[in-house]
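Those protein sequences? They're chains A and B, same order as listed.
Count along the first sequence starting at 1, add 1, and that's the number in my numbering.
Count along the second sequence starting at 1, add 1, and that's the number in my numbering.
None of these hints come from the bench; they were simulated from the model.
Some clues are possibly wrong.
To be verified - Cβ-to-Cβ under 8 Å is the rule here; a few derived chain B residues that face chain A: (1) Asp124; (2) Ala141; (3) Asp153.
Stated by the list, open to error - Simulated crosslink set (DSSO-like; lysine-lysine; CA at most 27 Å straight-line): (4) Lys112(B) - Lys246(B); (5) Lys112(A) - Lys252(B); (6) Lys112(B) - Lys112(A); (7) Lys252(B) - Lys54(B); (8) Lys20(B) - Lys252(A).
Backbone N, C-alpha and C define an ideal beta-carbon position, used for all residues, glycine too.
Number of protein chains: 2
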Amino acid sequence: MAAQPTDSSALRAYLDDAKQTVETALDRLLPAEADGAPRLAEAVRYSVFAGGKRLRPALAFAAAEAVGGDRAVAVPFACALELVHTYSLIHDDLPAMDDDDLRRGRPTSHKVFGEAHAILAGDCLHTMAFGILLRETQDATLARALGVALADAAGFAGMVGGQVEDLAAEHGTPNAEQLYRIHRGKTAALIQAATRGGGLAGGADAATVDALGAYGLHLGLAFQLVDDVLDETGTAEALGKTPGKDRQDEKLTVVALEGLEAARERARQEVAAAIEAVAGLPHPERLVDLAHFVRERDR
Amino acid sequence: MAAQPTDSSALRAYLDDAKQTVETALDRLLPAEADGAPRLAEAVRYSVFAGGKRLRPALAFAAAEAVGGDRAVAVPFACALELVHTYSLIHDDLPAMDDDDLRRGRPTSHKVFGEAHAILAGDCLHTMAFGILLRETQDATLARALGVALADAAGFAGMVGGQVEDLAAEHGTPNAEQLYRIHRGKTAALIQAATRGGGLAGGADAATVDALGAYGLHLGLAFQLVDDVLDETGTAEALGKTPGKDRQDEKLTVVALEGLEAARERARQEVAAAIEAVAGLPHPERLVDLAHFVRERDR
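When you get a sec, could you build the whole thing from the sequences and use the hints?
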């Protein structure tokens with residue numbers, strides 16, 4: 002990967018710090034095997050602590066800090082984002098869905114715990130996302146606003162809707178408009194919620210929250226474009242999952258529709274639009290760095 | 002069934018009214034096919050409007066009214082209870098779980114829409130439960146308290162935990178303590194949340210909310226005991242699902258452990274304990290009627 006124009010070691014430290022903050026909180030908040038239902042606790046922790054980058058929490062923190070807020074207020078929300086993301090990965094990997102054996106370099110949940118436990122571990126994480134967000138966020142009005150933002154992003158008009166459209170598009174005729182809706186739903190909605198929610202937690206006004214939402218939407222679209230490129234060009238070792246799976250499943254991707262170079266160019270455009278959206282904020286630096294990171298990531 | 006000592010036609014009218022209230026709200030709040038993702042909207046509505054009794058909403062309303070509150074405040078919560086209940090039925094029926102073909106007299110979701118859509122319809126209902134509850138409950142502090150109660154009941158220490166323990170107990174050695182934990186988790190926790198939440202929505206103080214919770218816990222245990230009895234004695238026509246399924250799956254039930262009569266006697270005891278718990282409330286009449294209804298139901 003090309004070196005970053007900004008200080009990439011500072012960004013690496015920022016990501017590591019965000020990861021540690023959210024993982025410390027999750028370790029405290031998630032059930033342990035001694036809490037009963039040890040196999041469920043084990044399955045929950047297996048998937049949550051599987052070495053994810055914690056990009057959504059980092060984006061929520063960076064959004065809160067971009068408006069002069071305190072990341073501590075956003076920690077329960079960051080945990081909830083990661084739990085929703087993790088539940089969706091477990092369910093996506095199921096045999097009835099994408100039927101994946103490998104995730105983040107390890108066997109998928111249903112390969113280790115069986116399908117029934119994988120379904121239930123996903124359901125448990127899904128419930129806990131809302132439970133933790135609502136219980137741990139001090140201010141009730143903020144807790145409610147963040148819960149609504151999370152539900153909107155994860156539900157019918159967001160992630161789940163995008164998954165359904167993704168399934169429907171397999172083996173179908175490529176269609177750019179449908180592809181945009183799929184990317185927006187299955188990937189960008191939750192990333193958009195991360196930055197909007199970070200702004201809410203940081204005390205931003207409505208216009209600023211909208212600007213952060215625009216950043217998240219563009220960045221989420223870029224993220225999915227890069228994902229589609231990496232599925233073509235990446236190795237199993239770097240990706241931690243099986244590459245070439247999209248093509249094999251006849252998934253509708255920008256790569257299939259327009260080719261690798263067009264997908265890379267679109268990702269560049271989305272990243273530029275994301276950066277433009279937050280240019281006027283008090284402290285946009287980390288959001289800018291994270292946008293470059295999303296475009297240049299190799300896994 | 003034996004006639005009720007209380008006026009059973011009044012209770013029937015109460016249940017019908019509660020059902021209509023919650024179904025009118027759900028019809029307004031759930032996505033329609035015109036909202037995009039038509040197959041997902043169809044799957045969501047297929048399971049939500051499948052002719053359920055809406056017992057949990059009725060219990061939430063009766064709890065609010067037992068403390069002199071207004072059921073209108075509890076409507077979003079009642080919708081959320083029904084959505085969580087419905088998502089859990091869809092996932093329970095999946096081939097990897099109980100593998101049921103029939104639910105409420107109709108083919109199960111995965112039989113009609115396929116496994117992938119059934120998983121996603123369940124996930125969508127699960128998210129919408131929290132979204133609707135948080136968005137539609139006017140008071141943020143109440144919304145948060147109800148969301149926490151719902152998450153506690155549905156998650157690791159409640160419904161999902163009970164399901165996992167239920168799966169683990171199949172083909173195992175019967176154990177009365179384990180059986181109690183299964184019933185409490187997979188069934189009673191959500192019914193307990195219904196009555197606690199109804200009390201919260203009705204403005205009850207903490208001790209009264211606890212009394213309503215004790216009622217719900219006992220009633221939920223009775224409900225599951227009756228369910229186990231009906232699985233042995235009921236017909237497919239009355240139940241709307243395949244009877245004898247528990248025995249076939251070697252499920253751990255009180256019927257298997259202690260026999261039909263002992264299960265019926267335990268249900269009577271739990272109903273009596275439920276009624277006792279709310280005897281001191283201002284208006285316990287409907288809760289008393291509903292407790293008798295749970296014991297005497299035949300489907």
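Here's how the hints hold up against the structure:
1. Asp124: 5 Å, holds
2. Ala141: The hint holds - Ala141(B) has a Cβ within 8 Å of chain A, the shortest such distance being about 4 Å.
3. Asp153: 6 Å, holds
4. Lys112(B) - Lys246(B): With Cα atoms ~17 Å apart, Lys112(B) and Lys246(B) stay inside 27 Å; holds.
5. Lys112(A) - Lys252(B): Holds, at roughly 24 Å.
6. Lys112(B) - Lys112(A): Holds, because 24 Å separates the two Cα atoms, which is no more than 27 Å.
7. Lys252(B) - Lys54(B): 24 Å, holds
8. Lys20(B) - Lys252(A): Answer violated: Lys20(B) to Lys252(A) is near 42 Å, above 27 Å.
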